[in-house]
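For the record, the sequence lines run as chains A and B.
By our numbering, the letter at position 114 of the first sequence is numbered 114, and the numbering carries on one by one without gaps.
By our numbering, the letter at position 110 of the second sequence is numbered 110, and the numbering carries on one by one without gaps.
Bear in mind the hints are in silico, worked out from the structure with no lab data behind them.
You can trust all of the hints, since none of them are fake.
Simulated DEER-style distance windows between Cβ atoms:
| id | chain 1 | residue 1 | chain 2 | residue 2 | range |
| --- | --- | --- | --- | --- | --- |
| 1 | B | Gly55 | A | His317 | 27 to 35 Å |
| 2 | A | Cys53 | B | Arg5 | 29 to 37 Å |
| 3 | A | Asp324 | B | Arg130 | 29 to 37 Å |
From the three backbone atoms N, C-alpha and C, an ideal C-beta is built for every residue, glycine too.
Single-letter residue listing:
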Amino acid sequence: MLAGTLKAMTDEIRMLPKAYHDAVEHWQRHNFPEYPQLTERWQQYFPKDAEFCLCARLEKDMPTEIQVGDRKGQPKALAPKELDKEAAEQLLMIVRAQASTEFGSIQQHHGTFERANDPQDQTWVLRVMAEELRHGYQMIHLLTSADWSKWTDTKPQDMVEEILSMQTGSHVLAAFNLEYDSFGDSIAFAAFIDRVGKYQLTMQKVNTYAPMAASMPPMLREEAFHLAAGVIPMRRWMEAAARDRNATMDVPTIQKMCAKWYGRGLEMFGDERGGATNVKLGLKDLTNREAQDLYIAECGKMLDDINTRFVRARLAHLSRDDADKAYARIKDGKTVEGIRRDDLLRLPDRRFFRRRGEPAFQMIGHDGEQFTDVEEYIAHVLAHLPEAYRASIDVKHWIEMQRKVSRGEIELKKAINSMPRLARVGGACPCSKSVRWVMDVPEGTSGGGERLNP
Amino acid sequence: MADVRIRPVTELDIEAICRIDERITGKYRPDAWEDRVIYYIRRDPDSSQVAEIGGRVVGFMLGEVRGGEFGLEEPTGWVEFFGVLPDARDKGVGRSLIEALLARFKSQGAHVARTMVRSEDKDIDAFIRRNGFAPAPVTALEKRL
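Take these sequences, add in the hints, and give me the full structure.
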């Protein structure tokens with residue numbers, strides 16, 4: 001044992017059967033070529049931390065009885081066949097969506113990884129990517145370590161194939177179909193989108209399917225670092241922006257990143273009116289709106305903290321109490337020593353620039369103002385988004401849908417379900433000699449991976 | 001005893017920890033606390049704790065289980081940084097924090113917890129002893145360079 005390291009004592013570690021493990025590693029070579037840098041950078045930046053392991057981790061000593069819903073108090077399902085039909089089908093969708101987010105975020109981070117300005121920030125993102133790969137591996141473990149044939153005709157290798165074939169543009173959730181404009185998006189994504197991930201994982205800790213519930217705590221422990229890897233660089237950007245008006249990341253740039261990601265994060269919770277079925281089935285412990293409300297409050301707290309860093313740096317002569325009072329006044333709309341409300345970060349209205357959920361296409365402005373003219377609204381939204389993103393296919397598609405909805409040329413439901421057509425929408429492995437990610441899976445090998453520490 | 005809520009530290013506690021540190025030391029050191037908090041979060045986010053009263057963070061305690069240091073092979077729960085706002089003291093905050101930390105250490109396989117206290121910090125020394133710590137058969141040595 002290295003000085004200062006200690007193996008996790010509460011996790012049971014499992015490996016996927018070779019064909020699936022190989023498929024994930026194969027996917028990594030194409031989508032996450034930075035991965036080999038991890039070992040060297042780990043020694044430099046995380047020398048005392050336990051080594052990274054591409055494996056599934058299951059928390060031991062989890063509750064054995066269902067914690068919420070109609071079957072509360074009954075034993076949790078240890079195998080898919082013990083689930084209700086509706087719960088099993090819903091759970092399969094959740095696992096597929098969760099897996100899509102894990103692999104999808106790596107593809108997004110990869111796009112701007114080399115453009116990082118700060119080696120520490122870049123290494124943090126590298127670790128985040130590796131841990132997302134492990135989370136994807138964890139979801140594949142759930143799909144391939146048990147027999148789901150009672151509830152689906154799709155074979156495990158086909159489920160895995162579908163997940164590994166997704167690319168930016170064909171993932172389940174919109175937030176994972178947006179390409180990054182700069183490395184800064186990696187940071188804003190970690191702060192806003194990984195935060196939704198934290199809520200989803202936390203809600204799923206109660207899951208009625210015991211292996212799903214046991215998968216969550218190890219993922220959550222890693223997710224905690226991902227959030228810090230987003231928030232701390234943002235805090236430091238704001239401090240730099242306060243000291244130097246020509247800083248690389250100025251406040252308007254950061255604010256526009258918030259506007260780009262916040263709405264997509266809200267939509268990841270699902271429609272505000274939904275989620276009760278998941279609670280009823282014992283899959284999650286909060287409805288969509290309940291979870292979204294908590295998320296909004298937390299994002300507000302995050303921006304307050306980040307703004308405080310700015311105020312302390314700009315008004316360094318003030319005491320802590322006076323700086324706190326100054327921030328409260330600025331937040332209230334007053335100008336204090338030249339700092340205005342618009343000079344600091346603020347959360348957009350929860351209905352701003354929404355394409356899914358209750359407020360989809362409602363033409364609500366950044367600060368809650370109501371628009372009646374669609375062209376005015378589009379101009380308003382564009383003014384609040386990053387310049388590079390404005391030119392994206394995603395935004396062009398939104399403009400088209402917003403116009404059609406406003407003019408009554410498309411049903412709201414169709415607009416909500418409409419996805420932009422991107423050039424890269426998935427497919428098999430790009431290797432010339434291969435047409436599938438999952439290779440040579442003989443009959444009967446889809447259950448029970450290797451258990452390393454039973 | 002006030003209604004104290006103990007929970008694991010998160011990245012959104014950094015500013016509150018800076019505030020507590022500033023109240024105690026008179027210094028605003030956000031970089032230092034950002035580095036420290038992310039260190040503990042990435043190693044074991046369930047170990048380090050904060051205390052809230054009425055939704056306000058009034059205390060924190062950072063630490064983790066490590067093994068193999070100073071020739072001490074056994075897994076050891078190290079209590080390394082803590083602070084309580086002056087106006088929140090004598091309300092059981094420190095005791096609640098250390099109990100939560102020690103419970104987590106135990107669940108992580110540690111059978112011993114250790115810390116070091118500067119000899120001039122009499123209040124901290126008394127607090128630590130009140131919580132069951134006793135002088136250890138280990139001597140802290142130093143050399144000025």
